[in-house]
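Novice: The residues making up each chain are set out below.
Protein chains: 2
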Amino acid sequence: MRNSRDFGNRAESKCFPEHIQSPVFPGISPCVSGNLFRKKRFYSYTGGESTAKILRVDMNKLKATCEDVPDKWKNLGGRALTSSIVAEEVPADCHPLGPNNKLVFAPGIVTGTSAPSSGRISVGGKSPLTGGIKEANAGSSFAQKLAKLGIKAIIVQGQAKDKCYLLNIAKGKREFLDASPWMGRGLYEAYAQLMEKFGKDAAICSTGIAGEISGAAAGVAFNDIEGMPSRYAGRGGLGAVMATRGLKFIVVDDEGGPGVEIADKEIFKAGTKKLVAALHEHAITKPGGTLSSYGTDALINVINEAGALPHRNFSSGYDELAPLVSGEKKAETIKKRGGERPHVCSPGCIIQCSEVWVKEGGKDPVGVLEYESVWALGPNCGIYNLDDVGELNRACNDLGVDTIEMGDTIAVAMEGGVAKFGDGKRAIELMDEIRRKTPLGRILANGTEFTGKAFGVTRVPTVKGQGLPAYDPRPIKGIGVTYATTPMGADHTAGYAIAPEILGVGGKADPLDTKKADLSRGLQQATAFIDTSGYCLFTAFAIMDIPSGMEGMVESCNGVLGTNWSVQDAVNLGAKVLATERKFNKAAGFTKAHDRLAEFFKHEPLPPKNVVYDVPDAELDKVYPD
Amino acid sequence: MRNSRDFGNRAESKCFPEHIQSPVFPGISPCVSGNLFRKKRFYSYTGGESTAKILRVDMNKLKATCEDVPDKWKNLGGRALTSSIVAEEVPADCHPLGPNNKLVFAPGIVTGTSAPSSGRISVGGKSPLTGGIKEANAGSSFAQKLAKLGIKAIIVQGQAKDKCYLLNIAKGKREFLDASPWMGRGLYEAYAQLMEKFGKDAAICSTGIAGEISGAAAGVAFNDIEGMPSRYAGRGGLGAVMATRGLKFIVVDDEGGPGVEIADKEIFKAGTKKLVAALHEHAITKPGGTLSSYGTDALINVINEAGALPHRNFSSGYDELAPLVSGEKKAETIKKRGGERPHVCSPGCIIQCSEVWVKEGGKDPVGVLEYESVWALGPNCGIYNLDDVGELNRACNDLGVDTIEMGDTIAVAMEGGVAKFGDGKRAIELMDEIRRKTPLGRILANGTEFTGKAFGVTRVPTVKGQGLPAYDPRPIKGIGVTYATTPMGADHTAGYAIAPEILGVGGKADPLDTKKADLSRGLQQATAFIDTSGYCLFTAFAIMDIPSGMEGMVESCNGVLGTNWSVQDAVNLGAKVLATERKFNKAAGFTKAHDRLAEFFKHEPLPPKNVVYDVPDAELDKVYPD
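Listed in order, the protein sequences are those of chains B and F. So the first sequence is numbered by the working numbering: it starts at 1 and just counts up by one. So the second sequence is numbered by the working numbering: it starts at 1 and just counts up by one.
Possibly wrong hints are sitting among the right ones.
The list treats identical chains as one, so a pair stands whether inside a single copy or across any two.
No more than 25 Å apart at the CA atoms, straight line, and that leaves these computed lysine to any residue pairs for SDA-like [stated by the list, open to error]:
hint: 1; residue 1: 583; residue 2: 92
hint: 2; residue 1: 72; residue 2: 195
hint: 3; residue 1: 359; residue 2: 618
hint: 4; residue 1: 335; residue 2: 324
hint: 5; residue 1: 269; residue 2: 195
hint: 6; residue 1: 63; residue 2: 176
hint: 7; residue 1: 583; residue 2: 600
hint: 8; residue 1: 515; residue 2: 426
Treat the hints as calculated values from the structure; they're not laboratory data.
Please take these sequences and the hints and turn them into a complete structure.
Specialist: Listed below in structure tokens is the structure:
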């Protein structure tokens, strides 16, 4: 059984005090980062200009036209770009599924270059799940092909009146094809057929059956390297925004594309080299390290031992059955069955946390079973059978729903009497309700809070309407601060306080200490930058501990853009992204009253530690005092 | 066919300018009311002290205990009292169906006395439909019996763990009986059995099957004078709050009760005399007048002719079929079939707008078919058959759902493809889904917005999650200002701008004039006072036009309480109630972004006038500038 020390497995840095601090991010460890970067500019501006374009897709007119990138957006990518476009072009008070919402795609700044682990695509819009701004991202060759085609962002607007379309993008080509033949059909089958039609090297983005019924739990699916729909910008219901535009698929071929322009190749090369070195050094990200050996699911045992793995709809933080669905158990099973592990989610990843989970006999490949998915569809539903979890995960991918939201949803439905906790077979049947678009399926496809209302359940683990991820906030206060205050709704990736609180990465913080506003804010800012850069968030493990890694990350962005950002500039950019997102949410009607965990966390102690969530509201409000 | 002049049928007061003004309410017509009342105090304080008590019902312990009324609440009743108690005792951030919400009942100030048309019971709590504070009220002998028993308010708190209870209240008696035998059964049957058990003179309050499944459209039902469950505090889902306390029924017997103490009988008598005179004089409220002849449903033709009767989910403001469900047609049919009309909803009503609708042959009495109910379940669903409407209304009463919310819900479901507009038989079947507690029934029982989400409908006519009543705001701007800004969510009774905009009552206002903030604010304040007094809101028609009527209303309250309120004091009290409610909502997370109509009203012109809702946000924000 693994524990937190094994997961982190790094020598403790003696120079750090016990309290929250990080050697890299200014927001988290001002003293150290101040020493390192002290407003120093690394590089002079090289004047490189991107020739990349914005592709504006008007679904009313079925037209896709290229536009120059306005100066204000030239140095942005990923989340900074999608959030800026959404904030500027989408009325905050619009109906998320109505005619005035837009869906925006943007690869990160370095995406499409040789930068390691950077195949990230950011997707943005107004969320039908939270009612606020939403950014979700995924790792997929789709991101890289878009970038290599010279497309800095796609803005999908309007609503096709008659049917759903497939947008086929290649060099000099933007065609709209009838997607009706794939309506109501699973995405595994659809992706296989599309690969046949457009070639095995095509990249695909799609919305599934859950999106077709406007489910607020519907994600946007992207292809993995086998061409399966297992890579998801899952959270917040953006799949329903895509479907209600009348867009079912985007297929991209980058052949003959101009590639990503790099303003200063030397700087870029030096930067990526430093980052690669850090990733290769850190115990979590190095070859043969935690992530490549076991994947993210290595966290099952760690978080269970910390008493913070939510079992049976957040009723307990520990269960002795958890190791049955651990990363260790899963890796062993994959090996036995002839699946793949380690594996990349997109070309050029050197962390390789991914895998291909298969059934007995190597059948029905699913793609990766992430920690969050395994937890959500497993222990959170009282299910400790990896095959059931694998089948549920495959159903989520096939139907186009977010695994976290769906796991929370099924658990709440179980509490509401729809099924018994632990009944994996019944849970699998529930997924079929979505496929058949029944009233029950429509309830489930709308997520945790909706399902709670439908079945009269008041223990509903959400923030801003979005289901909580795999860390109960009661014994780990900092992640709760992130859940509560991020503009995204409950989202662990928005400011992963688990790193210092449990894993000993990026410094160390007592998980029970309630003073976590500064920690969470710093992490949220740093994360907003990483989500902008195009790098996988898992690079954070290395760069939080190894300053030259963070330096290298920022340098590589400077190399692409011709900027001369310091690490502080990068974090400031993250802060600006958050301010933009919060401004949108404020206009949409969000207040500090929405920066709160669901009520029951404050009143119901979580076994085995028997603690409630006791971070004072004033501490939560300290994260964003404006 | 009736029109607005017939409905109002009053001589125009020459002294009023054309724009918004009223001879009575200071907020609406400061000049005139200023002349009339000019801070004058009518009566000296007589020192009368109420001996009425608050009955606190703890469902955790199954105990009901009497408490003295704190001084600050002694002069309150009805809405002022329920809203004050909710604001003080319910945490604004609690889950409406969780352990920390409370359900509060309070008769009005004059309820239980001989004051005319004053049998109103106010019900308050945090709404599961809007997420904000909620006050809904009904006319029923329940209110009068409670007052006569010396109960100024009931506060229901806690949650029974094992089952649902019946609370039986009589002089010196508070017993909890097992209500399990009535779970899952219709309220018409239950009320008949309870009348048999507790006597035909018993008063009953209940939640129905919709409440049992925690439906946010569940209302609180009260008995009419036949003992049927046709009087509803319908809006905002308070029936679900009642059910989740573990309380299914309250049965009240007032035999031997002390009656309502009247501090100054002379003043009380003089006041009620003036009010009675006004009610007897005004064309709408007098015997043989509009309300007693046709009931509220007389508005069908008036509002249809004004192009503002919403047909087929707010798609058109006029349809030539509307007269088929008009008050005139209904009165004629009732007469033919041997139902009753006019009729009182509670003893002592001199307006007598009520009726007993029956099927062919006098079968299956329903109770009243109000204008709002007929519209919601009729034209709004494309249904123009009074028998279908009657059956739908009976089903709503039987299941314990709000007719307005259910009509909006069915119409949205129809737009979502669940049934065809106009298919009354299918609509009736849909009600049976609630009875059988199916997933579809659970969707419908959660109301308009929920159903819209379930079926991907974006034309969802709500404000703050509550379905719109029977006046399309696009051609009648002022009622839209009330819908948008009242703390209650879309609610015509919160500030009935239709009176001056369409009926020529309380002055005259151009319905298309977008400057309506002052009008709506004044009406909301006056209404909050009337809802506090215990008088039926329909007294407003008379007192808005006849100053001595309003004087009499305030005098009668002074007579009961021993206060010396002026009309201005009364309106100020209304303003205070609104401020209390808005403070609660603010703490619950409401902002000006919630004081808006659903988006489509701003973009989609309504035939036949082809107007959109164009009241600027700034005008809406002027209603409550704080």
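Novice: Does each hint hold? Answer for all of them.
Specialist: To see whether the hints hold, each was checked on the structure:
1. 583 - 92: both (9 Å within a copy, 24 Å between copies)
2. 72 - 195: The answer is neither: 37 Å in one copy and 73 Å across copies each exceed 25 Å.
3. 359 - 618: Answer is neither: 49 Å inside a copy and 60 Å across each miss the 25 Å cutoff.
4. 335 - 324: within (16 Å within a copy, 73 Å between copies)
5. 269 - 195: neither (34 Å within a copy, 86 Å between copies)
6. 63 - 176: The answer is within: 8 Å in one copy meets 25 Å, while 68 Å across copies does not.
7. 583 - 600: Between copies only: 23 Å across chains, 28 Å inside a chain, cut-off 25 Å.
8. 515 - 426: neither (42 Å within a copy, 57 Å between copies)
In this structure, the earlier hints numbered 2, 3, 5, 8 are contradicted, and the remaining ones agree with it.
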